[in-house]
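Single-letter residue listing:
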Amino acid sequence: MAATDATSDACERSAALVAAALALPGILPIAAHAQAPGEGVVALRYYDYRDWQPGVDRMSVRSPSLYALAPLSDPLSVQGSLVYDSVSGASPLYHDTVSGASGRGIGDYRTAGDVKVTKSFGDSALAVGAAYSHEQDYISRAASIEWRRSSADRNRTYVVGFGAAKDRIDAPEGVNGAVLDRPRETYDYLLGMTQVLRADAVVETSVTWSDGHGYYSDPYKLLDARPDHRRIFTWLTRYNQYFAGPDATLRLAYRHLRDSFGDRSHMLEATWVQGLPGGFTVAPTLRYLTQSAADFYRDPPFPQGFVPGDLHTADARLSAFGAWTLGVRVAKAFAGGVTADVAINVYRQRGDWRAGGAGSPGLAELSARWIEFGLEKRF
Amino acid sequence: MRFDTDHLADKNAQHIYQSREGAGGGGTVGGGGCGCN
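As you go down the protein sequences, you meet chains A and B in turn.
Taking our numbering, the leading residue of the first sequence gets 926, the next gets one more, and so forth.
Taking our numbering, the leading residue of the second sequence gets 407, the next gets one more, and so forth.
Heads up, some of the hints might be wrong.
What the hints assert, rightly or not - One-sided excerpt, in silico: chain A residues whose CB lies under 8 Å from chain B:
hint	residue
1	Ser988
2	Tyr1057
3	Tyr1063
4	Glu1071
5	Gly1088
6	Thr1111
7	Ser1131
8	Thr1133
9	Asp1184
10	Leu1214
11	Leu1243
12	Gly1247
13	Ser1292
14	Trp1295
15	Gly1299
As the list claims (entries may be wrong) - Selected chain A positions facing chain B (in silico; Cβ < 10 Å):
hint	residue
16	Val1003
17	Ala1067
18	Gln1216
19	Tyr1222
20	Ala1293
For the record, the hints were derived by calculation from the structure and aren't laboratory data.
This one's a predicted model, so the numbers in the text were calculated from it and none came from an experiment.
C-beta atoms are modelled at their ideal positions from N, C-alpha and C, and glycine is treated no differently.
Work the whole structure out from these sequences, hints included.
Next comes the structure, spelled out in C-alpha cells:
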C-alpha cells in the first residue's frame, strides 16, 4: 500500500513537472503528450524568398500557405496544410542551363498539401497522414503512419513512424534527352524519444532512415548522372531550456546526416526566444551547416572529370561548403488567441566556410534572404 | 510530446534548406518529395 502511495505521489509530481513545462513560454508549444491537442489552430503564412550570386540575381519565390488543426472529438483531431509556390529565375551559376526550383526555368510553380488524422488511445496516439505535391515536371504522393506512446508519468514519449512516397518526374525538355514519366520511391523509418528533464528543460532525439530508389538525376543539368538509389541516415537532437530570470527560452538543435551519395553534413542551430512586455516575443536565430561533396561531384571547370557512362554531377548543392543563416522573428500576441509575427533570415554559403575539410573550389558564393509574415488564431 | 513551434514556418525553412543543400530533413516521415533534388 505504501509502495502504491509512493508510486502515485511520483506520478503526481511528474504530471506537475509536465504541467510546469507546458506553462513556460517556448518550452513545449504543442501538447506535451500523446493525446490529441485540445485546441484548434488556423494559421496563414506568406514568405518571399530570393537568392543571388555576386552581380547576378538568381531565383525568387513567393509562397502563401495555410494550416489548420481541428479537434473533431475528444480522442480525434485532424490537421492539414496547403502551400503554393510561385517560382522565377534560375538556379546557381555554373553547371546549369535553364532552371527553377525543379530546374524548369522561369514560371515554375508548386502546389502542395498534407493532411493528418490523429486518434488517441489512453497514453498512446496513432496518426495517419497523406501528402501531395505537384510541379510542372514533378508529382509526389506520400503517406505516413506514426505511433506515439507516453510513459505513465507523461515525462517521456516514444515515437515510431513509417512513411512512403511515390514520385513521378516528367521533363520532356531535359537537356540530356527527354525524361518521361520516371518514378522514384522512398521509404522513411523514424524512431524517436522526447524527455522532460526538468520543469524548464526538454530534450528530443530521433533517427530517421530513408531508403529511395528511382530517378535522381537533374534533367536540366548537362551530363548529370546520379545513382538510382539513395539511402539517408539522419540523427536529430533538440534541447529547449527556459531561463526564468530573463524570461527566455534557448532552443538548440543538432543534426547529423550521411547518405549513400557520399554526403556528410553537420547542422547546428541556436534560437533565443525572449519574452518582452506587451505580449511581444523576439527570437534571434543562428544556424551553421557544413557538408562534404557527393562522391560523384566534379569541380569546375565543367566538364572536368566527366567520363561517359560514369556517375557525374556539377550541381553546386552537392559540393562541399559551409553555410550560415542569421535570422530574427518578432511576434506579438493579441487577445483572443491571435498571434502575428514577422521574420527575416539571411543565408550565405561558401566553399571556404566548410569545417572539417576543404571546401569545393571555383564556385561563386550563394546568398539568400527570406521574409515571412504569419498570422495565427487559436480557439 | 513534440517540438514543433510553427508548422508552416518549419516546413518553409525545411523546403528552402532542402532546395539549397545536398540533403535535408530528419525528424519526420512521409512529407513527400519535391523536384528541388
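Hint check against the structure, violated hint numbers in rising order: 12, 13, 16
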